[in-house]
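Protein chains in written order, with this note's numbering: chain A, 19 to 151; chain B, 504 to 1015.
Treat the hints with care, as some may be off.
Far from chain A by the CB rule (all over 12 Å, computed), these chain B residues [said to hold, decoys possible]:
| hint | residue |
| --- | --- |
| 1 | Lys614 |
| 2 | Thr623 |
| 3 | Thr648 |
| 4 | Gln801 |
If you anchor each label on the Cβ, the simulated ranges turn out as follows [as the list claims (entries may be wrong)]:
| hint | chain 1 | residue 1 | chain 2 | residue 2 | range |
| --- | --- | --- | --- | --- | --- |
| 5 | A | Asp29 | B | Asp695 | 21 to 27 Å |
| 6 | A | Lys20 | B | Glu870 | 57 to 63 Å |
| 7 | B | Asp890 | A | Ala53 | 56 to 62 Å |
| 8 | A | Thr106 | B | Arg831 | 27 to 33 Å |
| 9 | A | Asp29 | B | Ser693 | 24 to 30 Å |
| 10 | A | Thr106 | B | Val655 | 24 to 30 Å |
| 11 | A | Lys20 | B | Glu729 | 37 to 43 Å |
| 12 | B | Ala760 | A | Thr106 | 33 to 39 Å |
What the simulated footprint calls covered on chain A by chain B, stretch by stretch (three residues with Cβ under 8 Å from a Cβ of chain B suffice, anywhere in the stretch; the number is not a length) [to be verified]:
| hint | segment |
| --- | --- |
| 13 | 19-32 |
| 14 | 115-128 |
Since the hints were derived computationally from the structure, they do not count as laboratory data. For each residue, glycine too, the CB sits at the ideal point set by N, CA and C.
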Amino acid sequence: MKVLIIDDDADIRSIVRLSLSRLGGMAVVEAASGAEGVRKARDEKPDVILLDMMMPAMDGSATLAALRSQPATATTPVIFLTARAMRTEIERLMALGATGVLIKPFDPRTLSMDVRALLTRRSTPDAPKAADE
Amino acid sequence: MVTASEILNAGILVVDDQEANVTLLELMLRGAGYTSIASTMDPHEVCDLQRKNCYSLILLDLQMPGMDGFQVMEGLKDIEKDDYLPVLVITAQSDHKLRALRAGAKDFITKPFDLSEVLTRVRNMLEVRLLHTKTANNSKVLQQTVARLEEVERLKMGFLSTVSHELRTPLTSIRGSLGLLASGAMGTLSGDVVEVVAIAERNAVRLMALINDILDLERLDTGKIELQFAQVSAESVVRRAIESVATFAQEHGITIAASEVASTIWADADRIVQVLVNLLSNAVKFSPAAGMVTIAVQPGESWVEFSVTDHGRGVPVAYRQAIFERFRQVETSDARDKGGSGLGLAICRSIIDQHGGTIGVESQEGEGSTFWFQVATSSRLLAPLVDQPIVICGDRRGLFEYGIREAGYTVIAVSTDDAAWDLLQRTPVAAVLMRSDSELIGRLRKDPVLHRIPAIVFGESVVLPPDAVSDDLVLVLPQRFDSRELLVTIRDCLERGRSAAQARGAGTISPL
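Extracted from the complex, chain A is given alone in its bound form:
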């Protein structure tokens, strides 16, 4: 499974990469901004995109909109990474078309399992929910 992580914080990208690759056996591509992420998503065709909400310039919502408007990534599952969101915020992100929401700080030991769980839940009729810490 190939994962694209879009986050402006290099340390967080590293932790996500190490966690997903070493513990989850996934291939990981990194992008440091929304714009770079949209480009890499088109070129690399990841199976799932982990998207940081709070980024300068192009934030998570804008990046998601750009991803959805580009045919190559129109249906790619997108999971938001956000600092402890309020229920209303999670509902807002889900309404934007997110596949799921992961709350920071995440546990690197379970991150790959959480991602897989959200992708599985997506295929069931139940509304997807945020994974807790």
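Dock chain B against the given chain A, drawing on the hints supplied.
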């Protein structure tokens, strides 16, 4: 208040084209103790002098050659920014008096001068002028203070959300790195290293929890978290809470037992779960090894009581109130030894307060504690019953006023028995609250009409006059009460008032 010396030292300007009049007035004023007197015989100078010296009082002759007193007053209006002309006119013509007052003068003196009249009017005017200035200054200071406080509040909220993000981001990296190390993903660690990494990770998690709790409490207290009220089943919140703490309890070897009772509450389910999780986690933390924690639901007619019981060391009497305040744990070492931020119970209380409920603890030292809270069964209980206002009489009524207004009632607050009595004669009201030592209750109960107004007295007990009419409309609220008791008593009071009205056939109070 204005002091005598402030009045005597206030600046006075005497304006008259007749030197004899100026001298006479100056003599009168100096003789009475005034110290700061200036004079001019040229009306054209008045505006400049006033601009420069800001006199508190201008004694102004109306009939002067070249420029009369009315013209001078017009000029002064441009200087006195607060629309207050401190002018006492001097005139011999009675038809000028009204015209001068209409033009903005505050008072007049009649020629020929009467000493005591002049001095009385001067003193009165100075007093009013100085009070006026003080009040204007006070309200300006007050406005500035309010604006500054609002700015501080805005900055504080902005600061908190910045802190939220700025602290979480590095902590996410720290916790993540430690987690990766602990997982063995970066290579196998030796026994000592595992232990050190575990300490670091545990504390990173604790720090994160503390930040989250601080932000949570701040959002709750500032109303930034809007509760989503709905009719929810008590079992479902209990079940969810137990699920959340199941692993934690298992790790501590603690069993959680729940009683099954069907009941519904009017509440924000997520927030009630949060409260229960907090109470259950505390109970688990403070339970002896292999202990049992019990969670129970006690349904009542209006309120449902949830309780969480442990068999831990108990809460000393001195702490039973304090532990619901921020950072107040029984042992200062508890935060370190037991984990937790010291904010959990403060968050619980804030949530239950916002439900209009009550939270508390009962405990036997060495034997255990029962933390309990009550929330309403339906929104009806929390909604106002009537449109008519509730009157609160007496000083120190702030607590009631706040609680009752919060519940959605209209409140009229009056300070004295007489003011309340006056109001009740004129305005239809739903109920009256007063102190038990107030005379109002006796007067009300004896009145052929007003005894129909339901009343609540707060204090130890109430003694009604022997000829009081129908005392079943008088309720007593104990000296120490909480918001729930207050609202329940008010409801009870209003319902009794309504039944009594219906019994009289006066269906003026609309049904629910």
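Do the hints match the structure? See the list:
Every C-beta of chain A lies more than 12 Å from that of Lys614 (chain B), the closest at about 76 Å, which supports listing it as non-interface. Every beta carbon of chain A lies more than 12 Å from that of Thr623 (chain B), the smallest distance being close to 67 Å; the non-interface claim holds. Every C-beta of chain A lies more than 12 Å from that of Thr648 (chain B), the closest at about 33 Å, which supports listing it as non-interface. Gln801 (chain B), annotated as away from the interface, keeps every beta carbon of chain A farther than 12 Å; the closest lies near 29 Å.
For Asp29 (chain A) and Asp695 (chain B), the hinted distance range of 21 to 27 Å is satisfied, since their beta carbons lie about 26 Å from each other. The hint said 57 to 63 Å for the Cβ distance between Lys20 (chain A) and Glu870 (chain B), and at roughly 59 Å that hint holds. Our hint of 56 to 62 Å for Asp890 (chain B) and Ala53 (chain A) holds, since their Cβ atoms are close to 58 Å apart. The given range of 27 to 33 Å is respected by Thr106 (chain A) and Arg831 (chain B), whose C-beta atoms sit roughly 31 Å from each other.
The supplied range of 24 to 30 Å is met by Asp29 (chain A) and Ser693 (chain B), whose beta-carbon atoms lie about 25 Å from each other. The given range of 24 to 30 Å is respected by Thr106 (chain A) and Val655 (chain B), whose C-beta atoms sit roughly 27 Å from each other. In this structure the hint that Lys20 (chain A) and Glu729 (chain B) lie 37 to 43 Å apart at CB holds, the actual value being about 40 Å. Hint check: Ala760 (chain B) to Thr106 (chain A), Cβ distance near 35 Å, so the stated range 33 to 39 Å holds.
A count of 3 residues in the segment 19-32 of chain A with a Cβ less than 8 Å from any Cβ of chain B is obtained; the coverage claim is therefore met, three being the minimum. Only residues whose beta carbon comes within less than 8 Å of a beta carbon in chain B count, and the segment 115-128 of chain A has 6; three or more means the coverage holds.
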